[in-house]
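Peer 1: In case you want the letters, here they are:
2 protein chains.
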Amino acid sequence: LDYQHVQVPFEITLWIMLASLAKIGFHLYNKLPSVVPESCLLIFVGLIMGGIIYGLNDRSPPVMDSDIFFLYLLPPIVLDAGYFMPSRPFFENIGTILLYAVVGTVWNVFGIGFSLYGICQVKAFRLQDVSLLHNLLFGSLIAAVDPVAVLAVFEEIHVNEKLHILVFGESLLNDAVTVVLYKLFRSFCEMPTIKSVDVFAGVGKFFVVGLGGVLVGLSFGFTAAFTTRFTKDIRVIEPLFVFLYSYLSYLTAEMFHLSGIVAIISCAMGMKRYVEANISLKSHTTVKYFMKMWSSVSDTLIFIFLGVSTIGENHEWNWPYICFTVIFCLIWRALGVLVLTSFVNRFHVNTITSKDQFIIAYGGLRGAICFSLVFLLPDFHRKKLFIAATTVVILFTVFIQGMTIRPLVDLLAVKRKRESAPTVGEQIHIRFLDHLLAGIEDISGHWGQYYWKDKLEYFNSKYLQKILLREYDQPKSSIVLLYEKLERKHAMELAQAGQLGHGPAHPSFLSSDRTVTTDQKLEDTLNPDVLDHMQEILARNLYRIRRTGPAYNRHTLPGDSEPTEQAKEILILRHKNL
Amino acid sequence: LDYQHVQVPFEITLWIMLASLAKIGFHLYNKLPSVVPESCLLIFVGLIMGGIIYGLNDRSPPVMDSDIFFLYLLPPIVLDAGYFMPSRPFFENIGTILLYAVVGTVWNVFGIGFSLYGICQVKAFRLQDVSLLHNLLFGSLIAAVDPVAVLAVFEEIHVNEKLHILVFGESLLNDAVTVVLYKLFRSFCEMPTIKSVDVFAGVGKFFVVGLGGVLVGLSFGFTAAFTTRFTKDIRVIEPLFVFLYSYLSYLTAEMFHLSGIVAIISCAMGMKRYVEANISLKSHTTVKYFMKMWSSVSDTLIFIFLGVSTIGENHEWNWPYICFTVIFCLIWRALGVLVLTSFVNRFHVNTITSKDQFIIAYGGLRGAICFSLVFLLPDFHRKKLFIAATTVVILFTVFIQGMTIRPLVDLLAVKRKRESAPTVGEQIHIRFLDHLLAGIEDISGHWGQYYWKDKLEYFNSKYLQKILLREYDQPKSSIVLLYEKLERKHAMELAQAGQLGHGPAHPSFLSSDRTVTTDQKLEDTLNPDVLDHMQEILARNLYRIRRTGPAYNRHTLPGDSEPTEQAKEILILRHKNL
Chain A
1 LDYQHVQVPF EITLWIMLAS LAKIGFHLYN KLPSVVPESC LLIFVGLIMG GIIYGLNDRS
61 PPVMDSDIFF LYLLPPIVLD AGYFMPSRPF FENIGTILLY AVVGTVWNVF GIGFSLYGIC
121 QVKAFRLQDV SLLHNLLFGS LIAAVDPVAV LAVFEEIHVN EKLHILVFGE SLLNDAVTVV
181 LYKLFRSFCE MPTIKSVDVF AGVGKFFVVG LGGVLVGLSF GFTAAFTTRF TKDIRVIEPL
241 FVFLYSYLSY LTAEMFHLSG IVAIISCAMG MKRYVEANIS LKSHTTVKYF MKMWSSVSDT
301 LIFIFLGVST IGENHEWNWP YICFTVIFCL IWRALGVLVL TSFVNRFHVN TITSKDQFII
361 AYGGLRGAIC FSLVFLLPDF HRKKLFIAAT TVVILFTVFI QGMTIRPLVD LLAVKRKRES
421 APTVGEQIHI RFLDHLLAGI EDISGHWGQY YWKDKLEYFN SKYLQKILLR EYDQPKSSIV
481 LLYEKLERKH AMELAQAGQL GHGPAHPSFL SSDRTVTTDQ KLEDTLNPDV LDHMQEILAR
541 NLYRIRRTGP AYNRHTLPGD SEPTEQAKEI LILRHKNL
Chain B
1 LDYQHVQVPF EITLWIMLAS LAKIGFHLYN KLPSVVPESC LLIFVGLIMG GIIYGLNDRS
61 PPVMDSDIFF LYLLPPIVLD AGYFMPSRPF FENIGTILLY AVVGTVWNVF GIGFSLYGIC
121 QVKAFRLQDV SLLHNLLFGS LIAAVDPVAV LAVFEEIHVN EKLHILVFGE SLLNDAVTVV
181 LYKLFRSFCE MPTIKSVDVF AGVGKFFVVG LGGVLVGLSF GFTAAFTTRF TKDIRVIEPL
241 FVFLYSYLSY LTAEMFHLSG IVAIISCAMG MKRYVEANIS LKSHTTVKYF MKMWSSVSDT
301 LIFIFLGVST IGENHEWNWP YICFTVIFCL IWRALGVLVL TSFVNRFHVN TITSKDQFII
361 AYGGLRGAIC FSLVFLLPDF HRKKLFIAAT TVVILFTVFI QGMTIRPLVD LLAVKRKRES
421 APTVGEQIHI RFLDHLLAGI EDISGHWGQY YWKDKLEYFN SKYLQKILLR EYDQPKSSIV
481 LLYEKLERKH AMELAQAGQL GHGPAHPSFL SSDRTVTTDQ KLEDTLNPDV LDHMQEILAR
541 NLYRIRRTGP AYNRHTLPGD SEPTEQAKEI LILRHKNL
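Chains A and B are the protein sequences, given in the same order. Last residue of the first sequence: 578 in UniProt numbering, with the numbers rising by one and none dropped. Last residue of the second sequence: 578 in UniProt numbering, with the numbers rising by one and none dropped.
Worth double-checking, as some hints may not be accurate.
Any copy, or any two copies together, can satisfy a pair, since identical chains are not distinguished.
Unchecked claim - The calculated DSSO-like cross-link candidates involving lysine-lysine, where the alpha carbons are at most 27 Å apart (straight line), are:
1) K288 <-> K417
2) K232 <-> K292
3) K232 <-> K31
4) K383 <-> K195
5) K453 <-> K292
Everything labelled a hint here was simulated from the structure, so no lab data went into it.
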């Protein structure tokens, strides 16, 4: 027996197998997943496993390695989230999402940090050795809502699209803030004195980390799209590029201390459209399926490991600190959501209702990211207390909040996701309104989201598609082809009936149908000028779309539109509709 | 910049990316792949990369790690090969394949080993310190034909199915022999004296290694099939099980020093049929696509690494030894194929032509397995010579033989693979002949392949399918349902016309159509015995298939066949045809 030799892959495979079998097991009993979220069940399995390992070995079971989590388990989930992100609601609410993600998270970090510092001043609690900086550091890791936990719970409760994207988008985009604040406070902890310059550098850093992530992600995304232009002959490795480039974007961002989550989401959202157009249908099925499968396995492993890591002797128990952490997490989130929403609602017609606000506040679940961050803390004498508090917060949010959120959604009658897809009429209506609003915004000089969307679409069709799409050699849409055919037929009929204006545009039209004598007679009566004029008329009517009215086009003046422009636009519109 | 942190995944991703981009690059020029096999181009890329690394670092580039090769790169290729193995030609030629794989490889090992030992006795060559055992050890690693190299070359030349399966099957199944002989000679090298017991133990070990591999593979395969019975509610992780179980079978076999290649092939061939029936169509597309993608990437990486590893200072050059190694590899393979084929042809009607024999001998390519094995050798003073000789043999076979085999196939006009799929007529004909031959073999008492195939099919439908397939609750085939419906209709018509034998089988048939008086009159005239008899006749005619002749069924006597038996058989036949 040579176990050493195969140990690493064997154990990895066994863990994945265990996770998959656990998933199958839950679904065998249909009742169970409808009451308890899968994440809770998986943590429970993990707890049992951890207990068994602890009982057998008599030492703490292995803790989920932070490196493994951030390098291997998190990327598939975030990639899946980014690739299947509904882009319309996301961009419609991007302002609100960013407000929650940035201001909300900062609010939570400082709120939790300062109030816990206040608790530490109470002598009876014996916590006076926990400094303000340590409390803020703890606040920075415990404040952020976890995308994995949110996804696992919100996937099952089917709230309306806007509410879902608000919570989920926040949980994804707060990564940039978390990364900056966590690293900032951690370096502050190690510094002897803190200058005000450092604080301002931290604020500046946030923009670098966030926007840098977006830039890295988009550049890898466009490279991926460009690469798939050339895979026509080897379809079989097409899906690979989607995974490779997005993973590289994540790793590159992590390497430069940028936000990896933001990078991989930008990459996925940036490439999706072009990659889908370039790769074959089967490749696309594989990409979609494999992404779902991979993220599902990662997700399962994370929750099982969370459970396993909970068991052991890493914890220092201090009732007041742990209880107040849970309470402050709830209070500050609720306050933050209330304040920020009242601010947001002032500028929007489509306001966030108080029911939605409650679910947003209540859906602020914490998960594996906090857990990995707390283990990454530098060693100091109260680290075990922080680990205990983090574990309790995670278990509290996942178990108590995760299990009660579905009944609460039912009880409050929160607006649900509509089950049916929008009808064609609705889709046309939405698209019509988009164009109308873009036009209104342009005329009124208000640069709103529709204006920018329209600009982006123009940039996309003018430059990006030409570079990134394989078959962008202006294929005529079927409606244009049909029109040409009908026009040609009509012209032939007219010509045959002898009613085409002053006569046939070209003798070749008739040479086969009429007798040679009439043909020659006609040709004799036409002077070259008339013939040229007719050919011009025919050419315009035969090979172009007839303009039935003064076309409104904001990018070209009425006179200078090229003949291919319109064909292209029709094509793009059809493409979008498809 | 924090490169250390992401180094491992980053470099792996970059290597895969390089491999994929190289593949795309070759296919951009359509001329290139039709002249030079892709494997040669990839080795060439590897050589250049190795040269660059060597030039920049001034030290040998990293050698392909044998562990990485055997644990991560080889399994995907073998899994792909096993999963897409055409089972009919494989099992039809299993005897010949095993003969080539077992006897042929042993022949080559001893032939090459002893003749190289002869060369070592020539004083002028300065090789007298290479012992017989070392030569045999070298023979054991250089003798085996490499499945990766064979697949890469034969995939492109499209020889006929039988020729392909002979070379390819041999290259897969010789793994068991190679493993045993290599480990045997390696342990002999370290032993002070060799007893004859050890030699016999070696022979016995071969059966353990080969059959053990088959057993491990089949048990994992059937477990995989059984697992996919329960994935109906979570389609998304279905493809995972195919990969997990087959990889586990490989690792388990390696752990017990059995043949991993044989195990993974048995696993793939064992589970394919049931897994395909259980999983959804999209899962199946994903499995197929991902397997192809993965094996393609592995394949590319192996050839690139082969090239990279060639550069460096691992080599000790000795002209006579290296030249004679190449010559002996060619001669002994040619002789072996000639002798074994003449033996095989004596027992077969469908003989292997001399052209095919030439291609089998010439297609004995060596590849990455030899290369990894030679690096796994224990350190001794002539190891570098062996490395050099192995490298030359691999490059010679891949470049010279790989590039000339296509022109030779054209020149000799070797029978090619038929382009079109067999017609329905042909398929029916083949299937008819199968049944006919199984019957003839059964009657004549000759237990040939058709007899065993039939037995296996019976065992499969009787036990395996019931356990492993999800929906095996005897769905009646549409032809049976139609027949029942027609029979029922016919019976009703006959009953209405009053022509059903001596009268209606049961009064309820007629109560709605006839008047009560006639009904009662009829009932009066029938005594209970006649009624029972009629009911029996009706039951047989209505709900069973009418037997039009004495049915031949080798598993049941004419009298005792159950009514569902026949429905099942029709179903299975239809299923196989589909």
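Peer 1: Provide an ascending list of the numbers of those earlier hints which the structure does not satisfy.
Peer 2: As far as the earlier hints go, only 5 is violated by this structure.
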